[in-house]
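Taking the hints into account, I'd like the entire structure generated from these sequences.
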Amino acid sequence: MMTQRLRFAFSAVFHFCASMAIILAPATNAEELSSSLFAAVPTYDDVQLFRIDGSNTIGAELAPRLVKAWMEARGTDKAEIRTTDIENEVDIIGYHAATNSRLTVHVAAHGSGTGFSALRDGVAQIAAASRPVKSKEEALFPGLNLTSLDSEHIIGIDGLAVIVHPRNPLNRLSVQQIERIFSGVVTDWADVGGTPGKIEVLARDNKSGTWDSFKSMVLGKSELLTTARRFESNSELSAAVANNTNAIGFVGLSSVNNSKALAVSDGQVKALSPNQLTVATEDYALSRRLFMYTQGVSDNTYVRDFLNFALANEGQRLVADTGFVSQELHAVIPENYDELPADFRELTSGAQRLSINFRFMEGSAQLDNKAQRDLDRLAAYLKQQPNGEVVLVGFGDTRKTESRSQLLSKLRAMAVRRELVRQGIYPDKTVGFGDELPVAAIQGNDGRVKNRRVEVWLRNGYEAVEPSALIADESQAAR
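Here the sequence shown stands for residues 1 to 479, numbered as in the UniProt record's numbering.
Do not take every clue at face value.
As the list claims (entries may be wrong) - Below, in silico cross-link-like pairs of lysine-lysine (DSBU-like), each with a Cα-Cα straight-line distance of 35 Å or less:
#1 Lys207 x Lys260
#2 Lys136 x Lys260
#3 Lys260 x Lys221
#4 Lys429 x Lys383
#5 Lys68 x Lys383
#6 Lys68 x Lys136
#7 Lys68 x Lys198
#8 Lys215 x Lys270
#9 Lys198 x Lys260
#10 Lys198 x Lys215
#11 Lys68 x Lys78
#12 Lys221 x Lys207
#13 Lys78 x Lys207
#14 Lys136 x Lys207
Think of the hints as simulated: they come from the structure by calculation, not from any bench.
The model shown is predicted, which means the values in this text are computed figures rather than measured ones.
Written out as structure tokens, the structure is:
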């Protein structure tokens with residue numbers, strides 16, 4: 001017991017000294033930070049820097065890869081991911097020659113809910129979640145706002161493609177139709193507007209992060225059809241769909257391959273195809289945020305630096321390489337541009353849309369946490385191209401009068417403009433389009449939050465790319 005107490009006391013002093021070393025160090029660039037971050041680590045055979053508990057979607061591959069890259073970027077001679085005796089738990093171990101130390105970060109991926117209890121108990125310093133924190137989980141932290149900018153960190157966006165055989169004439173389905181197919185309520189293609197024939201359901205196995213995402217976003221409380229064929233990899237499932245005219249399945253965006261990805265809608269709104277633009281902007285129905293939570297500003301130096309790394313461009317590129325969608329900004333040529341309203345096309349003629357949407361806290365005019373961090377990303381991006389013309393376009397939900405809806409949507413766009421001006425960016429046009437072009441069903445709070453958004457369009461900026469060009473190759477992304 002005394003040894004354990006001494007170890008805890010040593011750990012507390014160690015983290016305090018590490019924090020002071022970083023505060024006092026004159027490091028001003030990445031190279032200096034790399035050499036100084038672990039300077040306070042004592043000569044000790046094994047030091048656990050921090051622990052991440054929670055989501056399997058994040059913890060199965062993304063979190064370990066981010067930690068490994070962070071360790072290597074910060075000066076460890078080499079880092080490796082090692083399995084442990086406990087299923088879904090790994091250690092990332094880095095060797096720091098200057099202090100002759102072995103540094104460890106432990107990742108336990110047993111589901112989003114487990115992360116919050118571990119964070120409350122002090123077992124973990126980061127809770128990983130593939131959904132927002134629930135109110136009952138917030139109650140575990142009295143006096144702390146777990147949805148504040150200091151506590152909630154969005155590290156990437158997850159997106160799924162629902163795939164069918166290339167010769168299947170069906171091009172789109174709603175989330176509700178997909179749920180009914182995969183739960184076995186709908187069993188014939190004719191019932192969803194296709195060619196008559198028995199639907200054959202293919203799905204990922206229970207250990208997959210892709211399955212975890214699909215169950216959360218589509219099935220909810222429904223159960224998967226018991227006769228569904230299960231697959232261990234996205235590539236195997238995609239190949240099986242491509243060889244079966246009656247099959248339907250789901251994969252990560254990078255694994256569509258020879259199958260055909262369907263456009264997906266939420267309710268009666270326009271169906272959108274999955275690509276970098278629609279997922280990064282969260283307009284696509286099967287997209288969701290990936291979170292890491294801390295108890296406010298972490299008192300652990302290494303946690304703070306790791307999160308900064310994950311949110312910066314280097315970390316976001318690794319997010320994309322792992323099969324998710326990063327938050328790096330790109331100018332993208334939108335699909336189906338000719339189908340947009342004439343006045344909207346006139347406003348954005350010759351412009352490209354940036355892979356970003358600004359959204360707001362529920363029931364508030366305040367930008368949400370992702371939007372607040374995206375302001376810095378956008379400002380940095382635009383400062384690199386001072387001749388670009390910036391157009392902010394606000395959207396909202398249905399109100400009693402069209403003029404009221406348009407006014408509120410313009411006020412949202414003006415709120416974004418105000419924040420950009422504070423960073424020295426002066427958008428050229430700020431417009432509101434009211435309740436036009438909804439991306440989610442208008443019933444319920446989730447739909448309203450999604451529809452209340454501000455798009456960013458850029459004219460005379462960087463050369464635009466096709467959305468599909470920004471999806472990681474399957475060889476790089478195997479979730």
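How the hints compare with the structure:
1. Lys207 x Lys260: holds (25 Å)
2. Lys136 x Lys260: It is violated: about 40 Å lies between the C-alpha atoms, which goes past 35 Å.
3. Lys260 x Lys221: holds (27 Å)
4. Lys429 x Lys383: Holds, at roughly 17 Å.
5. Lys68 x Lys383: holds (31 Å)
6. Lys68 x Lys136: holds (33 Å)
7. Lys68 x Lys198: Violated, because 46 Å separates the two Cα atoms, which is more than 35 Å.
8. Lys215 x Lys270: holds (23 Å)
9. Lys198 x Lys260: Holds, because 18 Å separates the two Cα atoms, which is no more than 35 Å.
10. Lys198 x Lys215: Judged against 35 Å, a Cα distance of about 22 Å means the pair holds.
11. Lys68 x Lys78: Judged against 35 Å, a Cα distance of about 9 Å means the pair holds.
12. Lys221 x Lys207: Satisfied, since the Cα-Cα distance of roughly 18 Å is no more than 35 Å.
13. Lys78 x Lys207: holds (29 Å)
14. Lys136 x Lys207: holds (26 Å)
In this structure, the hints that do not hold are numbers 2, 7, in rising order.
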